[in-house]
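Visitor: Sequence:
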Amino acid sequence: MFDFVSPNWLPALLVFLAAGLGVVSIAFLIESGREVRRRTEFKRQLQGVTRASDPIQRGPESLFRESRISDIAWLEPVLQALPQISDLRLLLEQANIGWSAGTFLALTIGMAFSAGTSMFVLTGKLLYFIVAGVLGAFGPLFYVKRKKRRRIEAFEEGFPEAIDLLARSIRAGHAFATGLKVVAEEAQDPVKSEFRHVFEEQKFGLPLEESLLGLGDRIDLVDIRIFVTAILVQRDVGGNLAEILDKISYTIRERFMIRRQIRVYTAQGRMTGYLLAALPIIMGFLIWMLNAEYMSILFSEPIGRLMIAAAVVLQIIGFFVISRIVDIEI
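Position one of the sequence shown corresponds to residue 166 (my numbering), numbered consecutively onward.
You can trust all of the hints, since none of them are fake.
For lysine to any residue, the following SDA-like pairs were computed, each having C-alpha atoms within a straight-line distance of at most 20 angstroms:
| hint | residue 1 | residue 2 |
| --- | --- | --- |
| 1 | Lys312 | Leu255 |
| 2 | Lys357 | Arg333 |
| 3 | Lys346 | Phe364 |
| 4 | Lys346 | Glu375 |
| 5 | Lys357 | Glu322 |
| 6 | Lys312 | Leu257 |
| 7 | Lys346 | Arg336 |
| 8 | Lys312 | Val387 |
| 9 | Lys412 | Pro325 |
| 10 | Lys368 | Ser358 |
| 11 | Lys357 | Leu378 |
| 12 | Lys412 | Leu397 |
| 13 | Lys368 | Val347 |
| 14 | Lys357 | Arg315 |
| 15 | Lys412 | Arg400 |
| 16 | Lys357 | Glu318 |
| 17 | Lys312 | Arg254 |
| 18 | Lys312 | Leu380 |
| 19 | Lys412 | Gln399 |
| 20 | Lys310 | Asp382 |
| 21 | Lys310 | Ile274 |
| 22 | Lys346 | Ser358 |
| 23 | Lys290 | Pro467 |
| 24 | Lys310 | Leu380 |
| 25 | Lys357 | Ile417 |
| 26 | Lys368 | Ile335 |
| 27 | Lys412 | Arg390 |
| 28 | Lys357 | Gln259 |
| 29 | Lys346 | Ala407 |
| 30 | Lys346 | His362 |
Please keep in mind that the hints were generated in silico from the structure rather than gathered at the bench.
Take these sequences, add in the hints, and give me the full structure.
Guide: Written as structure tokens, this is what we have:
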């Protein structure tokens, strides 16, 4: 049974902090050097495109699409051979945190080793080392997915206004590329940065279809897929693009209104899930504070540890079920 105020926790805490800070420092030093080299290479390619008589023939896709997975030469082909490396690179691009796949993998391995070593120093048991290592390995992935979710939510909030800007620009007689520039200058991030990306690709000769499809890959939203499909279909068959964009903007705003109403209606269900998930933890802590001996059997006896494990599993299942019930897709 662990005593959380015992000095035995101090070595594990120090090991975890030292290893974690070391891994993060090394990763960001590598990333800083990579960023400097990337900017230098970009300027060199940009000068080459400017000097060329026909920029399109120079292969503009390489200007935007190629990137190294790792700055370590011998590690590059190893990472390229991984089956899921393309999905990982797309996830990092969607989160827009500036990490390479190599940096992410280094952080994952470092966090796993730090967490596992801390528990091994604390307990001296290999099983705890493995469990803590697995949990620590998921830390960077949870962080990246959280950043991706927040960025997509921010994009979704500002996307209708961007569509309105684009529609007004087209209605005023400007070209579609000029409308992209207006959005890239006047919208709020992350909408601003994404439309600037599309506009710059257009400026350097990348076909519109590929630019828009790249936008759809980076922003995983149904609204983006509708927007891209509408633009591409209109370019093939014609039609009033400004009117189409107005209808898309209206549809998105109506979806937002319905979603907010649903959140109000399901607030009680969400609160119930939070309370049911927190109640056993709070009650267990209070009983531990009042009578630690009464709770000690759960940790000292095999049947007690089995009951704790079963309770944790059932709590997770129950919270997941409630979350799925109140999560209504629009």
